[in-house]
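Please arrange chains B and C on chain A, whose structure you already have, making use of the hints.
Listed in order, the protein sequences are those of chains A, B and C.
Numbering of the first sequence is given in UniProt numbering, commencing with residue 1 and proceeding in unit increments.
Numbering of the second sequence is given in UniProt numbering, commencing with residue 1 and proceeding in unit increments.
Numbering of the third sequence is given in UniProt numbering, commencing with residue 1 and proceeding in unit increments.
Derived from the structure by calculation, the hints contain no laboratory data.
All C-beta atoms, glycine included, are put in the ideal place defined by N, C-alpha and C.
Treat the hints with caution; some may be incorrect.
To be verified - Here are the simulated distance ranges between beta carbons:
(1) Y79/C - G76/B: 30 to 40 Å
(2) G76/B - R219/C: 33 to 43 Å
(3) I108/B - R277/C: 23 to 33 Å
To be verified - On the chain B side, residues computed to face chain C include the following (Cβ under 8 Å):
(4) G18
(5) V135
(6) G243
(7) G254
Claimed, not checked - Derived list of chain A stretches under chain B, where covered just means 3 residues or more per stretch with a C-beta under 8 Å from a C-beta of chain B:
(8) 99-111
(9) 116-125
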Amino acid sequence: MTIIDKTADVPAPRGSNDESGPLLEVRDLHVEFHTRDGVAKAVNGVNYSVSAGETLAVLGESGSGKSVTAQAVMGILDMPPGRIPKGEIFFRGQDMLKMSNEERRQIRGQKIAMIFQDALSSLNPVLSVGYQLGEMFRVHQGLSKKDAKAKAIALMDRVRIPAAKERVNDYPHMFSGGMRQRIMIAMALALEPDLIIADEPTTALDVTVQAQVMDLLAELQRDFNMGLILITHDLGVVADVADKIAVMYAGRIVETAPVHEIYKRPAHPYTKGLLESIPRLDQKGQELYAIKGLPPNLLHVPSGCAFNPRCTMAQDICRTEVPALRPVTEQDGTELVGRGSACHFWKETIHG
Amino acid sequence: MGRYVARRLLQMIPVFLGSTLLVFSMMYALPGDPVRALAGEQTVDPQQIAAMKKELGLDLPLWHQYWNYLVGLFQGDFGTQIASGRPVADIISEAFPITVRLALFAFIFTVVVGISMGVFAGLKADTLRDRGLLVLTLLLISVPSFVLGFLGQYFFAFQLGWVQPNVSLEASSDELILPAVVLGSLSLAYVARLTRTSVAENLRSDYMRTAVAKGLPRRRIVGVHLMRNSMIPVVTFLGTDLGALLGGAVVTEGIFNVKGVGYNVFDALRHREGATVVGIVTLIVVVYLVASLVVDLLYAVLDPRIRYA
Amino acid sequence: MPETLKETPAGTSAEVTAPAPAAKVGKPRSLWSDAWHDLRRSPLFVVSAVLIFFLLVMAIAPGLFTGADPRYADLANHYLQKPKWGNFFQEDWFGYDIQGRSIYARVVYGARASIMVAVIVTALVTILGTVVGMLAGYFGGWIDTILSRVTDIFFGVPFILGAMVVLTSFEERKIWVVILALAFLGWTQIARVARGSVLTIKQADYVMAAKALGASTTRILLRHILPNAIAPVIVVATIALGGYISAEATLSFLGIGLAEPTVSWGVDISSGQEQLRNAAFVLIIPSVMVSITVLAFIMLGDAVRNALDPKLR
Numbered sequence: 001m002t003i004i005d006k007t008a009d010v011p012a013p014r015g016s017n018d019e020s021g022p023l024l025e026v027r028d029l030h031v032e033f034h035t036r037d038g039v040a041k042a043v044n045g046v047n048y049s050v051s052a053g054e055t056l057a058v059l060g061e062s063g064s065g066k067s068v069t070a071q072a073v074m075g076i077l078d079m080p081p082g083r084i085p086k087g088e089i090f091f092r093g094q095d096m097l098k099m100s101n102e103e104r105r106q107i108r109g110q111k112i113a114m115i116f117q118d119a120l121s122s123l124n125p126v127l128s129v130g131y132q133l134g135e136m137f138r139v140h141q142g143l144s145k146k147d148a149k150a151k152a153i154a155l156m157d158r159v160r161i162p163a164a165k166e167r168v169n170d171y172p173h174m175f176s177g178g179m180r181q182r183i184m185i186a187m188a189l190a191l192e193p194d195l196i197i198a199d200e201p202t203t204a205l206d207v208t209v210q211a212q213v214m215d216l217l218a219e220l221q222r223d224f225n226m227g228l229i230l231i232t233h234d235l236g237v238v239a240d241v242a243d244k245i246a247v248m249y250a251g252r253i254v255e256t257a258p259v260h261e262i263y264k265r266p267a268h269p270y271t272k273g274l275l276e277s278i279p280r281l282d283q284k285g286q287e288l289y290a291i292k293g294l295p296p297n298l299l300h301v302p303s304g305c306a307f308n309p310r311c312t313m314a315q316d317i318c319r320t321e322v323p324a325l326r327p328v329t330e331q332d333g334t335e336l337v338g339r340g341s342a343c344h345f346w347k348e349t350i351h352g
Numbered sequence: 001m002g003r004y005v006a007r008r009l010l011q012m013i014p015v016f017l018g019s020t021l022l023v024f025s026m027m028y029a030l031p032g033d034p035v036r037a038l039a040g041e042q043t044v045d046p047q048q049i050a051a052m053k054k055e056l057g058l059d060l061p062l063w064h065q066y067w068n069y070l071v072g073l074f075q076g077d078f079g080t081q082i083a084s085g086r087p088v089a090d091i092i093s094e095a096f097p098i099t100v101r102l103a104l105f106a107f108i109f110t111v112v113v114g115i116s117m118g119v120f121a122g123l124k125a126d127t128l129r130d131r132g133l134l135v136l137t138l139l140l141i142s143v144p145s146f147v148l149g150f151l152g153q154y155f156f157a158f159q160l161g162w163v164q165p166n167v168s169l170e171a172s173s174d175e176l177i178l179p180a181v182v183l184g185s186l187s188l189a190y191v192a193r194l195t196r197t198s199v200a201e202n203l204r205s206d207y208m209r210t211a212v213a214k215g216l217p218r219r220r221i222v223g224v225h226l227m228r229n230s231m232i233p234v235v236t237f238l239g240t241d242l243g244a245l246l247g248g249a250v251v252t253e254g255i256f257n258v259k260g261v262g263y264n265v266f267d268a269l270r271h272r273e274g275a276t277v278v279g280i281v282t283l284i285v286v287v288y289l290v291a292s293l294v295v296d297l298l299y300a301v302l303d304p305r306i307r308y309a
Numbered sequence: 001m002p003e004t005l006k007e008t009p010a011g012t013s014a015e016v017t018a019p020a021p022a023a024k025v026g027k028p029r030s031l032w033s034d035a036w037h038d039l040r041r042s043p044l045f046v047v048s049a050v051l052i053f054f055l056l057v058m059a060i061a062p063g064l065f066t067g068a069d070p071r072y073a074d075l076a077n078h079y080l081q082k083p084k085w086g087n088f089f090q091e092d093w094f095g096y097d098i099q100g101r102s103i104y105a106r107v108v109y110g111a112r113a114s115i116m117v118a119v120i121v122t123a124l125v126t127i128l129g130t131v132v133g134m135l136a137g138y139f140g141g142w143i144d145t146i147l148s149r150v151t152d153i154f155f156g157v158p159f160i161l162g163a164m165v166v167l168t169s170f171e172e173r174k175i176w177v178v179i180l181a182l183a184f185l186g187w188t189q190i191a192r193v194a195r196g197s198v199l200t201i202k203q204a205d206y207v208m209a210a211k212a213l214g215a216s217t218t219r220i221l222l223r224h225i226l227p228n229a230i231a232p233v234i235v236v237a238t239i240a241l242g243g244y245i246s247a248e249a250t251l252s253f254l255g256i257g258l259a260e261p262t263v264s265w266g267v268d269i270s271s272g273q274e275q276l277r278n279a280a281f282v283l284i285i286p287s288v289m290v291s292i293t294v295l296a297f298i299m300l301g302d303a304v305r306n307a308l309d310p311k312l313r
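Next comes chain A alone, as it looks inside the complex:
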C-alpha cells in the first residue's frame, strides 16, 4: 500500500508509468480563489496519493478544501476565480497541470471519473439518462447512437437499476434519489476508469439507501480494481470502505492514517473532536460533544495552526507556528506505518 507522503517538503519518488507506482499523486497543491473580498486560500499544500484498488477517504467539514482538491484533480475548477499557484498532480507519473486542455479532457471520464453529491442537479434535467450515459461511449469511443444505448442499458443493469431497458429513455427527475445516484455511478463507471472520485456520494440520500449505494460503489471498485477517492464529512461512511484516511482542515491535511487506527487512536485534536461528536448508543443520555466555534474564514485563516481557536489543547506555539505533517510513532519510537499528524502536540493527543 502506498503511504501518504509524510511531509510537504520531502519529495516522494517520482511515480512512473508502470502499475506499481501510485495511480494518482497530489503534491503540495495550492488552490486560491480571487473574490471581491480578497483571496480565499482554499487549499494550502495538500499531499496525497492513491493506488489501484485502494480507497482513500478525505474527511473534513465544508470549506476544508476537500472538494476543491478533488476538483483540481479532476480539472473542473472554475478558473477564474480559482487559481492553482503551486503544486503538481501526477496521474500515472505525468503532471496533469502541465498538460494541454485536450490531453486533460481525454483523461476526464476515461481515466478519472467523478461522482457528485446531488445527482438530481448533477444530471442534465432535459436529457434522458440513456442519452447521458450513452454520450460517454459516443464521444470517447465513437459508438453509434444505437450501440451507445445498448451499452447504457447494460450499465444500468450493472448498477442494478430495475427494468433498465424500459427506463433508459426516462429523465433524471423520474427516478428516486438512490436510483439517480446509481445512474451517476454508472456514468462514472462507463469507460472503466482507473480512478473514481466520489464527492459526498451518499450525503443527499436516505440512510437506508446510503448503505446500498456505498456497498455498490465498494463492490464495483473491487471488481474493476479501481482507485477510489471518497470525499465525505461522515466518519460512519468511511469505516467500512476506506483503506486510509486523510483529514482536512482549512485547506491542509491535518492527519493521515490507515482507517481503523484513526478510530482507535486519533493523533490530532480535530480528528478526536470529530470522533467524539459521533452520537453513540452506549452514551445515551449524555450530552453530545461538539467542536466549539466555526470553521475558519478562508479569507482570514488564523495564524499558526488554523485549528488553534477551536482547540482545547492550544498553546502559544499553536498561534504562531504552522505545524507540519509529521510521522506519528509509538511511544517507544517505532514507526506507525502510514500515520501522520500536523499537530504540535500529537504525542499528547495520541498517547495522553
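Relative to chain A, chains B and C alone:
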C-alpha cells in the same frame, strides 16, 4: 398530451370570443360614427344616415351586432367596408401577407442575432463584452421603435442612399429588411438579455460541471448541454413575441409606408370602419393564441419536467 | 395550462425572470434593507436616480429650466432655426420648430405631460394588476380561472393596436383619455407577475403559520402575502413606466395620442416627422428626451431587480 391540446383549444374559445368582443365593443360602443365619418365635413340629412345605419345593421344593439359579426365570421365573411364596398376579407388577404412577411423577417432577425448575442455575452458574464451587450440592449429597449425607424430612414435612406425611404407597393423582400430590423430590435434586446441571463445561470449549474467531468468536448458541452437548457425560457418568450411583432408592425409600417395590416388598420380607424379593424385585430389575436399554444407544447418537448395535467 | 407554466406565464416578457424574493434565513437584514444596501453601490441605480430626479423636477417646475414660453411662436424670425449647441439652457439651445417655437422650452415643458401620463398609468396598472393577480393567485379555483381568462383576453389584444382603437373613438384626446386607455389595456402584465409571485409565496411556511394561527384572510393577504410578493411587481412596474413613456410618444407620433395644444414630447415628435429631411433636429431632440427618460426608468428597474434578486448576478 392529446387531452391537453384539446383542453387548450377549448380554453382558446372564451379567450378568442372575449378578445374579439373587447375590440368589437371598443370599436362600436365608444363615441364616433362610421357613417358620419363617411360624410366628412358635409352636413347630411339625418334621415339618410339612419337609413344607411339600418341597412348596415348598425342600429341594432351591440350584442346583436356582435352576434351577426360572429355568424358571418364562421361563414368566412369578415364584413364589408362601408366606404369602398370592398369585402374586408379581400383587404386582409392583400395586406396580411405583407405584414406576416415583415414580422417573419423581424422574427428571424430577432432569433438569429438575439440568441447569438445572448450566448456570446452569457458565456463570459460580467466581462467587457457582456457589459457592452447590456448597454446596447438598454439602448434598444429605451429608444422607441418609431425613433429607431426615423433614424434608420434618416441614415440609410437620406444620408447614405442605400435604400428608398418608402417601401413600394409590392413590398419586395429586400425592401423589407430595414423595416424588419427596426421592428425586431426591441424583441432582439429582450431575447439577447433573456438568453444571456439563462446561459449565465445554466453555466453555473451542477450538470454543466458533470458534462466537463465527463470529458466532453467544449462544443458539445455548450452546444448540447448548455443550449438545450438555456433555450427553454427563450422559446417561451419568442412564442408570445410573434403576436407582438404583428401588433408592433403598425408603427413600423407607418414610418416606411408599407401597405400592410398596420396601414389598413390605421386607415380604417380614421374612417371608423369597424369591420376592418375588428377583422384584422381578430386575426392577430388568433395568431397570438396559436403561437402561445405551440410554445406551450414546445415547452413540454424541451423540458421533460413539465407534465400536463 | 400546465402547472409549471402557470408560474412562469408564457406572456411575461424577458424582464421578469425568476422573481421569487429569496427568504434569507439567519440574516438580520431584511430583503429590503439588503436591497437598499446593494442599490446605493450600483452605478446603474445612481445614474438612473439622478436622471429621474432631474426629469421629475423638470416635470413639476419647468420654469426652473427655462424662461421661454413653449407656445410662443415667432414664425418670422425663427422658422426652423438650427440649434446653437453652445448656448446652454438658452431659448435657442435646441433651435426652433416649424412654427418658430423654442424646442428647448417645448422639451422642458413637454416632460410634464409625458411623465404624468406614464406615472399615473403605472400607478393605476400596478394597483389593478396587483389586486387581480393577488386574488387569482391566492384564492385559486374558479376565481383564478375567471380572472386568468380575463387577463388572457386583455393580453391577447396587441397593446398599441388596442390603444389606437380606443383613442380614435375620442374626438378630443385630453390627457386623462390617454391615461385611461393605456391603463385599461396595460394591467395584464402586472397581474400575471403578481399572480405568479403570490402562488410561490402562498406555499411559504410563514403563510401556513399565519393561517394556522387563525389570521384572517385580509390580514394574511395584506400583512404576509403583499409585502413579500410585491418585489417583482415593483421591478416590472418600474420598467413598464419607461414603456408607457414610449407608448405615449408612439401614440402621439401616430397622431392619436396627446394633441396640440398640449405640450408633450410625443406631440413634437409627431409634428417633427414632416421635416425629417431638412431639419432632423426637430424630430431628434424630443426623441432623445423620450429615449433618455425611458432609459432612466429601465435602468432603475434593472438596478432594483439586481438588488432584490441577487441570484441573477
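Outcome of the hint check:
Remark: the range hint 30 to 40 Å for Y79/C to G76/B is contradicted by a beta-carbon distance near 55 Å. Judged by the Cβ atoms, the range 33 to 43 Å given for G76/B and R219/C is violated: they are separated by roughly 55 Å. Here the CB-CB span from I108/B to R277/C is close to 31 Å, well matched to the stated 23 to 33 Å. Against a cut-off of 8 Å between C-beta atoms, the interface hint on G18/B holds, since the closest Cβ of chain C lies about 3 Å away.
A distance limit of 8 Å between C-beta atoms decides the matter here; for V135/B the minimum to chain C is near 10 Å, and the interface restraint is violated. A least Cβ separation of about 7 Å between G243/B and chain C falls short of the 8 Å threshold, and the interface hint therefore holds. At about 6 Å, the closest approach between the beta carbon of G254/B and any beta carbon in chain C falls short of 8 Å, and the interface hint on this residue holds. Counting residues of the segment 99-111 of chain A whose beta-carbon sits less than 8 Å from any beta-carbon of chain B gives 6, enough to reach three: the coverage restraint holds.
Three residues within the 8 Å Cβ limit are the bar, and the segment 116-125 of chain A against chain B gives 7, so the coverage statement holds.
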